[in-house]
Amino acid sequence: MEDQNRTATQAVCYHCGEDLPKVKYQLDDKDFCCAGCMAVFKILSENNLCNYYVYNNTPGQRFKNDSHLAYLDEPKIIDQLLDYKHESSSIITFYIPAIHCSSCIWLLEHLYKINSAIFSSRIDFLKKQVTISFNHEEISLRQLVETLNQIGYEPLISLQDVVKAYSSSVDKTLVLKIAVAGFLMGNVMLFSFPEYFGLSGFEKQFQSLFGWLNLAFSIPAAFYCGRDYFTSAITSIRHKHINLDTPLALIIAVLFLRTAFEILFSTGPGFADTLTGLVFLLLMGKWLKQRTYHHISFDRDYRSYFPIAVTTLQNGKEKPVSINEIKIGDRLWIRSGELVPADAILMKGDAWMDMSFVTGESAPVHKVLGEIIYAGGRQTSEAIELEVIKPVSQSYLTGLWNKDNYKKDTEKQNFNDTVAKYFSLGVFLIAFAATTYWLLQNDSHKAWSAFTAVIIVACPCVLALSTPFTLSAILSVFDKKGFYVKNTDAVEELAKSDTLIFDKTGTLTSNENAEIGFNGSLTGEEKIIVASLLRNSIHPLSRHILKALNVESFYSLNDYKELLGKGLYAQINDHTIYAGHLSMLPITIKSVGETGVHIVIDHTYKGCFDIKQQWRPGLVQLVSKLSKFKLQVLSGDTDNDRWMLDTIFTKNTTIRFRQSPHQKLDAVLQLQHQGNKVMMLGDGLNDAGAIKQSNFGIAITDNINNFTPGCDAILKGSALNLLPNFIQLGKDGLKIIKISFAIAIAYNCIGIYFAVQGTLYPLVAAVLMPISTVTIISFTTLATRWFARKNKLI
Amino acid sequence: MNILYFLVGCSVLMALIFLAAFFWAYKTGQNDDVHTPGIRILFDDEDIAEKSEKDHFSS
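As they're listed, the protein sequences go chains A and B. Counted from 1, the first sequence has number 137 at position 137 by the UniProt record's numbering; the numbering is strictly sequential. Counted from 1, the second sequence has number 34 at position 34 by the UniProt record's numbering; the numbering is strictly sequential.
Treat each hint with caution, since some may be false.
[As the list claims (entries may be wrong)] Covered stretches of chain A (chain B as the covering partner; in silico rule of three or more C-beta atoms under 8 Å from a C-beta of chain B):
id: 1; segment: 94 to 108
id: 2; segment: 177 to 185
[What the hints assert, rightly or not] Straight line, CA to CA, 30 Å or less: simulated DSS-like cross-link-like pairs of lysine-lysine:
id: 3; chain 1: A; residue 1: K790; chain 2: A; residue 2: K677
id: 4; chain 1: A; residue 1: K677; chain 2: A; residue 2: K625
id: 5; chain 1: B; residue 1: K27; chain 2: A; residue 2: K128
id: 6; chain 1: A; residue 1: K496; chain 2: A; residue 2: K651
id: 7; chain 1: A; residue 1: K612; chain 2: A; residue 2: K630
id: 8; chain 1: A; residue 1: K677; chain 2: A; residue 2: K612
id: 9; chain 1: B; residue 1: K27; chain 2: A; residue 2: K127
id: 10; chain 1: A; residue 1: K486; chain 2: B; residue 2: K27
id: 11; chain 1: B; residue 1: K27; chain 2: A; residue 2: K30
id: 12; chain 1: A; residue 1: K289; chain 2: A; residue 2: K738
id: 13; chain 1: A; residue 1: K496; chain 2: A; residue 2: K481
id: 14; chain 1: A; residue 1: K85; chain 2: B; residue 2: K27
id: 15; chain 1: A; residue 1: K716; chain 2: B; residue 2: K27
id: 16; chain 1: A; residue 1: K625; chain 2: A; residue 2: K480
id: 17; chain 1: A; residue 1: K421; chain 2: B; residue 2: K27
Hints were generated in silico from the structure; no laboratory data involved. Keep in mind it's a predicted model, so treat the numbers as computed, not measured. Glycine included, each C-beta is placed from N, C-alpha and C at the ideal position.
Start from the sequences and build out the full structure, keeping to the hints where you can.
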């Protein structure tokens, strides 16, 4: 066992678990892959925090410190970020994507040991958030963030933190209402038992006490717990359409009125237990429906991609400014790796922009002086100076988000609301028919009780329950397979969709496993030389190629130069070697493609490394399974891969290349105008508009903790081939709901049989309702499992 | 049997106290995060931690 541990610790970095390079860093008999990891270990050991390594092996994150934090000294920005500030103490909440194991919790909750100005820190593991209270007189916000950076936990501070629009206050009152409803239901049941089991003569004195208590409990049940149903019913009637809440509100009202009437005039026990039970169950259903997945962030928009501050140049001096304050004409100073937050003109410097957010194409684009650089571009080369031509709120990307042609939620009518209309009509017909009959018989008492009883017994609560129960059971099946759907309503949209649009890069291809090919030939010696050069660069291409070269030993090198975004140069063993873009090579080469990493050793062209995008596995089977649907591919990329797409997709699939985000959005709109229900699958910000506009938008990601655009569902890249099964299960879900509705109608017929005769005794109502509820819930649960198994999802 | 009036009052009062306790627990955020405390409880206390740290280094 001990030997195993030793070999394990020797092969990988003690801190982060990465493979060790040939020249490893050592401290206290432990190996580290880089100086950063060693530095973190040193900080931890100096502060007696090595317990960090006790709870997990290699829990650390690679240390990188390339962020510019000057903006955290700006009082305006600090005030926007802090949760609370009082005299000398402040509280702030950070989102830290690096949190991934119990060691992280332990370390981040012991921050006070690293700096005594930190009072305490609390982690919310699922949300990856840490709340820190600290003394802002002794440690500035910037120092605090630097401390976190040093130990490898870089907080992600984005514009969305500033605009804290979201809060879960709706959920909170709902849970409290459920608690109250449960309390009321329990008590009312207790006080109703004597009535049902019969009271002997001397117990009769309690009858009125229990009655009054029940009435007292009904008041909060109807007017506190059930208030939402009344408000929703009133608004829907004002808009001249009926939703499911309308009959529910009517039933609550009738139940309450009849209970009050019977108890006030001592004519019967009332329906207090039915009322409280109904309200409790309805709220439970509502809660199930609202319970979304908090550990995945769905409603991220362009703001979460943007930093909150940007460096501006004012009279030649750098000054960080909050993004909201950027004005036209401001000079921005964008360093390597930073995002351009507003549309701007390039004034100075060499711009190599990674426009993958905007176009989907990840190869850097060269921009010349005076050219417009759109918001969302990421600079990969040296720092550049830009002049803003549009404020952030009117930039290209923001415009895409704020386009007002997005679907309006009120127009959506789900299955429940459609049924509710006919349901309410039917109930009223029966109720009035029964009343008229008894009035013709000159029995006004029976007419009144028949009218109320029909409305009580024809409760669509089963419908209100079966939908959330079925759909949330389906959601949990999806969840286990890596398909995270936003809420239960979205499942209906999933089931209805008939047109599927795929983005190419990141959706049909995987960004993580790019395949490296080499056009040309390298000897073993030359391979070592190339690898020795590349391992000094942190550029993703270099790392990909280094991995593909798979070289064991390296040479030392002299005169190393890295031109960011262009390539590398060094002297190795009297050889001069260049690797990178064509424009940096010392010789001009013709008749080779632009893209790729070109290699020149001693002024001889050796060839070029090509990054081939890796298609996701199972794509052909996926497309053949989706033959029932209309398919489209909209790629922001060039048409290099057209032949490949043509072999995968059938001839009637529309495949379009070089699509801008606006064109993608328009394509979705056009299909919707033709009456199609569109499902859009995409990844980055360049698909965000189309995803938001589509009826069901799926964001595909290889790492669910990455930022995803606002969407209806997040799908793990590895689960893409299960998509047809997911859609089928969504359809089966709607089938289950319809069957459960039929069962409910059967129960209602029994109830209505008694109700129209005016002989519905409260006990019958009190028994009938739970029985039908139990039947429906067990049916939906079993049926969902059965269908999930049929679709090979369990 | 009049004692029942008292007992009914007691039971309702008790139930109300529990309801109030739930309200308090919920409003102070005890249900906000139900995952992390379960991990947190597994961490050793400080003095034991020092010892196990030594163990960790010597191994």
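Verification of the supplied hints:
1. Proximity of the segment 94 to 108 of chain A to chain B, defined as three or more residues with a beta carbon under 8 Å from a beta carbon of that chain, is established by the 3 residues found.
2. Given a C-beta distance limit of less than 8 Å, the hint that chain B covers the segment 177 to 185 of chain A holds, as 3 residues qualify and 3 suffice.
3. Straight-line distance between C-alpha atoms of K790(A) and K677(A) comes to about 25 Å, which keeps the hinted pair within the 30 Å bound.
4. Using a Cα cut-off of 30 Å, the hinted pair K677(A) and K625(A) holds, with the two alpha carbons roughly 18 Å apart.
5. A hinted pair counts as satisfied when its Cα atoms are at most 30 Å apart, and K27(B) with K128(A) qualifies at roughly 22 Å.
6. A distance of roughly 24 Å separates the Cα atoms of K496(A) and K651(A); the hinted pair therefore holds under the 30 Å criterion.
7. Note on K612(A) and K630(A): the hinted pairing holds, with a Cα-Cα distance of about 28 Å set against a maximum of 30 Å.
8. At most 30 Å may separate the alpha-carbon atoms for a hinted pair to count; K677(A) and K612(A) exceed this at roughly 33 Å.
9. The straight-line distance between the Cα atoms of K27(B) and K127(A) is roughly 19 Å, inside the 30 Å bound, and the hint therefore holds.
10. In summary, the hint linking K486(A) to K27(B) is supported, as the alpha carbons are separated by about 26 Å, within the 30 Å threshold.
11. Straight-line distance between C-alpha atoms of K27(B) and K30(A) comes to about 47 Å, which puts the hinted pair past the 30 Å bound.
12. Using a Cα cut-off of 30 Å, the hinted pair K289(A) and K738(A) holds, with the two alpha carbons roughly 18 Å apart.
13. Simply put, K496(A) and K481(A) have alpha-carbon atoms about 21 Å apart, close enough for the 30 Å limit, and the pair holds.
14. Between K85(A) and K27(B) the alpha-carbon distance is near 21 Å, which keeps this suggested pair within the 30 Å criterion.
15. Of the pairs offered as hints, the one joining K716(A) and K27(B) is violated, with about 35 Å between alpha carbons and a cut-off of 30 Å exceeded.
16. Note on K625(A) and K480(A): the hinted pairing holds, with a Cα-Cα distance of about 22 Å set against a maximum of 30 Å.
17. Restraint check: the Cα-Cα separation between K421(A) and K27(B) comes to about 38 Å, which exceeds 30 Å; the hinted pair is violated.
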